[in-house]
Amino acid sequence: MRHPTEGVLRRLVDEPAGVADHDRAHVAGCATCLAGLESARADARTAAVVLGTGAPAVDVEAGWARLTAAAPARAASVPARRRSWAPALRRPAVAALGAVVVLSGAGVAAANDWLPVFRTEQVQPVLLAEDELVALPDLSAFGDVEVTGEGEPAEVPDAATAEERTGLAVPGVGDLPTGVDGDPEHLVVDRLEAVFTFSAEQAAATAAAEGEELPAPPPGLDGSRIRLQAGPAVAAVWTQDSGLPVFAVGRAVAPTADSDGVPFEVVRDYLLSLPGMPDRVADQLRDFSADARTLPLPVPAEMVTASTAEVDGVEATVLESRDGAMAGVVWVRDGVITGVAGAVSTDEVLAVARSLR
Amino acid sequence: MGVRERAGGIRPDLEEVFRADYPRVVGVAARVLGSRDQAEDVAQEVFLAFGRSAVPAGEAAGWLTVAAAHTALNLLRSGRRRSAREEVVGRDQPVEAPDVADAVVARAEHGRVRAALARLPRRQAVALVLRHSGLSYDEVAAALDLSPGSVGTTVRRAESRLRKELDRDASSH
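Protein chains in written order, with my numbering: chain Y, 1 to 357; chain E, 358 to 530.
Since the hints were made in silico from the structure, they are not lab data. Hints are not guaranteed to be accurate.
[As the list claims (entries may be wrong)] Far from chain Y, some chain E residues (derived; all Cβ distances over 10 Å): (1) Asp370; (2) Pro380; (3) Gly408; (4) Ala414; (5) Gly419; (6) Ala465; (7) Arg525; (8) Ser528.
[Claimed, not checked] Simulated DEER-style distance windows between Cβ atoms: (9) Y/Ala204 / E/Pro413: 16 to 26 Å; (10) E/Glu416 / Y/Thr46: 27 to 37 Å; (11) Y/Ala209 / E/Ser493: 13 to 23 Å.
C-beta atoms are modelled at their ideal positions from N, C-alpha and C, and glycine is treated no differently.
Could you build the full structure based on these sequences and the hints that come with them?
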């Protein structure tokens, strides 16, 4: 008889009622499985110990008071949307913008489960409200998504290691902006590949769960596959004493995509029409050029304005936070995306971008 | 899971959901970060996002715990992790380690655990943290859109890798 999987052995450790009788019977009389079970038990115990929190007492009242002090300002309608809780969001927003600009290829795709289906030669920001970043649909609800590669930044010791691992040189920065100093941390993201197989059945079930009907799929779409590749990417990140990232430069191989059936534009337009996608976002995404050369770069519209400037002989997208605390610039040349961002002014970020070696 | 933008304002069931799930959400983040103060910051962010979302009430608990795990892991991997380490040393450890020598060991261990967690593949890390936060296999499966069968496999691999990362780290110190 076949041995139960390591997952079954793991479940025997702490939820044996969830394991089928025949598997339990097998394990009880199988030396190999008993050894596997013991090893699973030991690792589970180690994890339980190191992840223990000592059951901290949580003050729900104080937490609620803090939340309500922050939230109602938002609920109250208002002019200009300057909310009292903006400061609470500033730090994560800065970090998010830095990550978006630096690791735009793999990072954004992985973060949002949304995979750009465009071969990229140009970057165009899509201005989205923050909650719409969350709202981008997880494609796994509409078919199978098989991801190869991790898509998560990993720290490496230096620029040489980063280059060796990714084949991309970390852009060299000459003069750093005022207030940025010290040695950067180097991050890499390995190449990420995803194959999405559309399933009409699954998409219909998802639509039904939302109380809507699935729009009729274009002929030939069911079962056809899209292959999306992003990365690798490298970045150098400077941090403040507090640990907050303050400045970063990065480079990534631009995402590409191909399909083995229905043409891309058809797939894209159809995906955009599926239940779960806010209309406004769908409209913005539909505006992308049909020649499939634009990387949609979602940025929080409430926090960031976008413009263009010339860098390295190509048109670059310049992003600036509305409070002026943060700026970034990103451009694509020969299939490689380069980004510079930080808690600095637009002029400073452009100066660095134009002097990269 | 599609999450629609609300027409505006904060959802009316926020307080009820907050009171029911706040301790669990803080607990999930605390397992990742090892710091209650930081975990509460994460929980605040997560509930603010939830308050403005239209996540169905029945899916709230799963959504919140997954969001807490991701947000905390993001924090761990961001440049802020260094300050997280410093912060925790000052505040949390002495409670569990009354002895000075123990405190030193606990401090080093704390940093190693955070570093090891940050190196796990994201899905494994989230499954690991949710299971150790008391979610059942079925709850973890629903929250992560996995089959219940593959939850065991994912958690097992996470634990195995966590142990290896900790071993590797210990031998290099």
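Verification of the hints:
No beta-carbon of chain Y is positioned within 10 Å of the beta-carbon of E/Asp370; the least distance is around 13 Å. Not every CB of chain Y lies more than 10 Å from the CB of E/Pro380, the least distance being 4 Å, so the non-interface label is violated. For E/Gly408, the non-interface assignment is contradicted: its Cβ lies about 6 Å from the closest Cβ of chain Y, within the 10 Å cut-off. At the 10 Å boundary, the C-beta of E/Ala414 stays outside the reach of chain Y, the nearest C-beta of that chain being 14 Å off.
Taking the minimum C-beta to C-beta distance to chain Y, about 13 Å, the non-interface status of E/Gly419 holds against the 10 Å cut. With a minimum CB-CB distance of about 12 Å to chain Y, E/Ala465 clears the 10 Å threshold, and the non-interface call stands. Every CB of chain Y lies more than 10 Å from the CB of E/Arg525, the least distance being 14 Å, so the non-interface label holds. The beta carbon of E/Ser528 is kept farther than 10 Å from every beta carbon of chain Y, the shortest such distance being approximately 15 Å.
For Y/Ala204 and E/Pro413, the hinted distance range of 16 to 26 Å is satisfied, since their beta carbons lie about 19 Å from each other. At roughly 32 Å, the beta-carbon separation of E/Glu416 and Y/Thr46 lies within the given 27 to 37 Å, and the hint holds. Checking the proposed 13 to 23 Å range against Y/Ala209 and E/Ser493 shows it holds: the Cβ atoms sit about 22 Å from each other.
In this structure, the hints that do not hold are numbers 2, 3, in rising order.
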